[in-house]
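*Asks:* One letter stands for each residue in the lines below.
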Amino acid sequence: MLEVKNVHKAFHGTEVLKGVDIEVGKGDVVVILGPSGSGKTTLLRCMNFLEKADKGTLVLDGMSVDLAKAQKREIREARLHTGFVFQNYNLFLNKTALENVTEGLVAGRKIPKKQADEIGKKALDKVGLSDRYDYYPQQLSGGQQQRVGIARAVAANPKVIFFDEPTSALDPELIGDVLTVMKKLAEEGTTMVIVTHEMSFAKEVADWVYFMDGGTVVEKGTPQEVLTCPKEERTRQFLRRVLREIDYYI
Amino acid sequence: MTERLLGILTRSFGQILLPGIITTIPLTILSFAIGMLIALAAALVQAAEVKGLRKAARFYVWMIRGTPLLVQLYIIFYGLPSMGILLDAFPAAVMAFSINVGAYASETLRAAILSVPKGQMEAGYCAGLDYFQIMGRIVLPQALKVAFPGLFNSLIGLVKDTSLAANITVLEMFMATQRIAARTYEPFALYCEVGFIYLMMCTVLTKLQKYGEKRLDKAGRMTGKPVTGRGGVICWK
Ligand SMILES: Nc1ncnc2c1ncn2[C@@H]1O[C@H](COP(=O)(O)OP(=O)(O)OP(=O)(O)O)[C@@H](O)[C@H]1O
Ligand SMILES: [Mg+2]
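Same order as they appear, the protein sequences are chains F and R. Count the first sequence with the numbering used here and you get residues 1 to 250, in order. Count the second sequence with the numbering used here and you get residues 1001 to 1237, in order.
Don't read these hints as lab results, they were simulated from the structure. Treat the hints with care, since some could be wrong.
The calculated DSSO-like cross-link candidates involving lysine-lysine, where the alpha carbons are at most 27 Å apart (straight line), are [to be verified]:
id: 1; chain 1: F; residue 1: K126; chain 2: F; residue 2: K26
id: 2; chain 1: R; residue 1: K1051; chain 2: F; residue 2: K55
id: 3; chain 1: R; residue 1: K1118; chain 2: F; residue 2: K69
id: 4; chain 1: R; residue 1: K1218; chain 2: F; residue 2: K113
id: 5; chain 1: F; residue 1: K203; chain 2: F; residue 2: K183
id: 6; chain 1: F; residue 1: K52; chain 2: R; residue 2: K1051
id: 7; chain 1: R; residue 1: K1210; chain 2: F; residue 2: K72
id: 8; chain 1: F; residue 1: K121; chain 2: R; residue 2: K1218
id: 9; chain 1: F; residue 1: K113; chain 2: F; residue 2: K231
id: 10; chain 1: R; residue 1: K1218; chain 2: F; residue 2: K72
id: 11; chain 1: F; residue 1: K113; chain 2: R; residue 2: K1210
id: 12; chain 1: F; residue 1: K113; chain 2: F; residue 2: K159
id: 13; chain 1: R; residue 1: K1218; chain 2: F; residue 2: K114
id: 14; chain 1: F; residue 1: K55; chain 2: F; residue 2: K69
id: 15; chain 1: F; residue 1: K72; chain 2: R; residue 2: K1055
id: 16; chain 1: F; residue 1: K55; chain 2: R; residue 2: K1055
id: 17; chain 1: R; residue 1: K1210; chain 2: F; residue 2: K69
id: 18; chain 1: F; residue 1: K72; chain 2: F; residue 2: K52
id: 19; chain 1: F; residue 1: K121; chain 2: F; residue 2: K110
id: 20; chain 1: F; residue 1: K69; chain 2: F; residue 2: K203
id: 21; chain 1: R; residue 1: K1145; chain 2: F; residue 2: K52
id: 22; chain 1: R; residue 1: K1051; chain 2: F; residue 2: K159
id: 23; chain 1: F; residue 1: K110; chain 2: R; residue 2: K1051
id: 24; chain 1: F; residue 1: K203; chain 2: F; residue 2: K55
id: 25; chain 1: F; residue 1: K52; chain 2: R; residue 2: K1118
id: 26; chain 1: R; residue 1: K1207; chain 2: R; residue 2: K1118
id: 27; chain 1: F; residue 1: K52; chain 2: F; residue 2: K26
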């Protein structure tokens, strides 16, 4: 369904991605783990052309695009079939929750406003914000804002949705709501690629887990394989550290 | 105050206000409108980093901000004819003022556009919008709100700057006052009078600015009840 091959990316001569491959089947939930600076965000951004890769191919449902030399038209086409949920929400601050969701439908996809409003309301209902249609982002809590962000990504019914640490800017007590929504999406068969540090979420929801370090995929497999009995030493180290942090946390 | 002086002041009031209404105000409005278009274009090509045009816009701002407005007026009205471009006084003034106010306003606008968090641009692309849609629907509405006080500042400045047009034979409020002062030998009273009229015009604009800011403020946060979020209640009027 979605495949990226051999993604390379350097910033000012420093290689951040050194040939990454990811494969995502229809309805799969792929979780990408890895220490800070390992290139997870950069990978997602390259997959959605927010960052221009130096090399690599994206195959999305049969459409193949060169990540380094994509035409404007191809980029737009690919983006119409993907959604992106940002770490810091990036909601349109001059638009209400509903308008945030419908903007891409009305302006980007030329769906009539009335129909777009219906789709938008349905999307907001799904993320538990049926009483917040007319609120502006500044009137919403972080968790609510992120759920608007998810509704915005879901509304156009994309083939895949990318999540970049969707809960890491949130207060602990607000994380649950967002994860619940994501779990629901997973159950409905939404194809998702998620960068997160939420281990228990990964264990429960992921179909596949990728562990990245230093710009490469070190290990991939089922959550069972990667999280419970990792083969690679670097994965083990990372898990030990993260799980210890969780212990401290508790 | 003598009766004569009082008579001069009352009679001259209308004679000064009339050119104010038929010249100063149209000159201001026309120049500001054209200036805003120039400013928008200059700010956008810089924000979008359009290669050659960006440089041209920087050059324009540098030139205009670095030279006196009076010199710009003289070049356009007295200088251009020697190059075969002959303009009437009023259009020459409009041209000079719009080019001048455009340079200042473009900087206000550019800074305001930059103040809109870049992530919204990226989110716009991801939602399937193109550059112009994002600019028009997301970024500019927010930028204009930020730029509003600064742009009003330019407008208020322009009202008073139009008095310089007297130097290129535009019969506006100030020149009308000069003529009456020359006839009546009452410069102190008459120049105070015209100053007062400028002050009144700017007072009206200041009130308008306050009203506009209130409206814009409301437009950003209208409906709903207070929400408890991070750090307690997020308040608004
Ligand atoms: N725009 C940029 N310019 C220069 N260097 C960058 C840029 N973006 C990322 N980097 C560098 O690339 C490396 C990978 O960054 P990236 O944000 O992809 O890591 P990450 O895995 O998402 O980390 P985290 O878990 O902290 O979010 C880092 O060393 C970072 O400093
Ligand atoms: Mg990151």
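*Asks:* Please go over all the hints and tell whether each is borne out by the structure.
*Replies:* Comparing the hints with the structure gives:
1. K126(F) <-> K26(F): Holds. K126(F) to K26(F) sits at ~21 Å (cutoff 27 Å).
2. K1051(R) <-> K55(F): Within the cut-off at roughly 25 Å; holds.
3. K1118(R) <-> K69(F): Within the cut-off at roughly 24 Å; holds.
4. K1218(R) <-> K113(F): Holds: K1218(R) and K113(F) sit about 24 Å apart, inside 27 Å.
5. K203(F) <-> K183(F): Distance ~12 Å between K203(F) and K183(F) Cα, so the pair holds.
6. K52(F) <-> K1051(R): It holds: about 19 Å lies between the C-alpha atoms, which stays within 27 Å.
7. K1210(R) <-> K72(F): 43 Å, violated
8. K121(F) <-> K1218(R): Holds, at about 24 Å.
9. K113(F) <-> K231(F): 52 Å, violated
10. K1218(R) <-> K72(F): Judged against 27 Å, a Cα distance of about 37 Å means the pair is violated.
11. K113(F) <-> K1210(R): At roughly 34 Å apart (the allowed maximum being 27 Å), K1210(R) and K113(F) break the hint.
12. K113(F) <-> K159(F): 22 Å, holds
13. K1218(R) <-> K114(F): 25 Å, holds
14. K55(F) <-> K69(F): Cα-Cα ~8 Å, so holds.
15. K72(F) <-> K1055(R): 24 Å, holds
16. K55(F) <-> K1055(R): 31 Å, violated
17. K1210(R) <-> K69(F): Measuring from Cα to Cα gives roughly 50 Å; hence the hint is violated.
18. K72(F) <-> K52(F): Given that 27 Å is the threshold and the Cα spacing comes to 12 Å, the pair holds.
19. K121(F) <-> K110(F): This hinted pair holds, its Cα atoms lying about 17 Å apart.
20. K69(F) <-> K203(F): 36 Å, violated
21. K1145(R) <-> K52(F): 32 Å, violated
22. K1051(R) <-> K159(F): Outside the cut-off at roughly 36 Å; violated.
23. K110(F) <-> K1051(R): 31 Å, violated
24. K203(F) <-> K55(F): Given that 27 Å is the threshold and the Cα spacing comes to 32 Å, the pair is violated.
25. K52(F) <-> K1118(R): Distance of about 17 Å is within 27 Å: holds.
26. K1207(R) <-> K1118(R): 33 Å, violated
27. K52(F) <-> K26(F): 25 Å, holds
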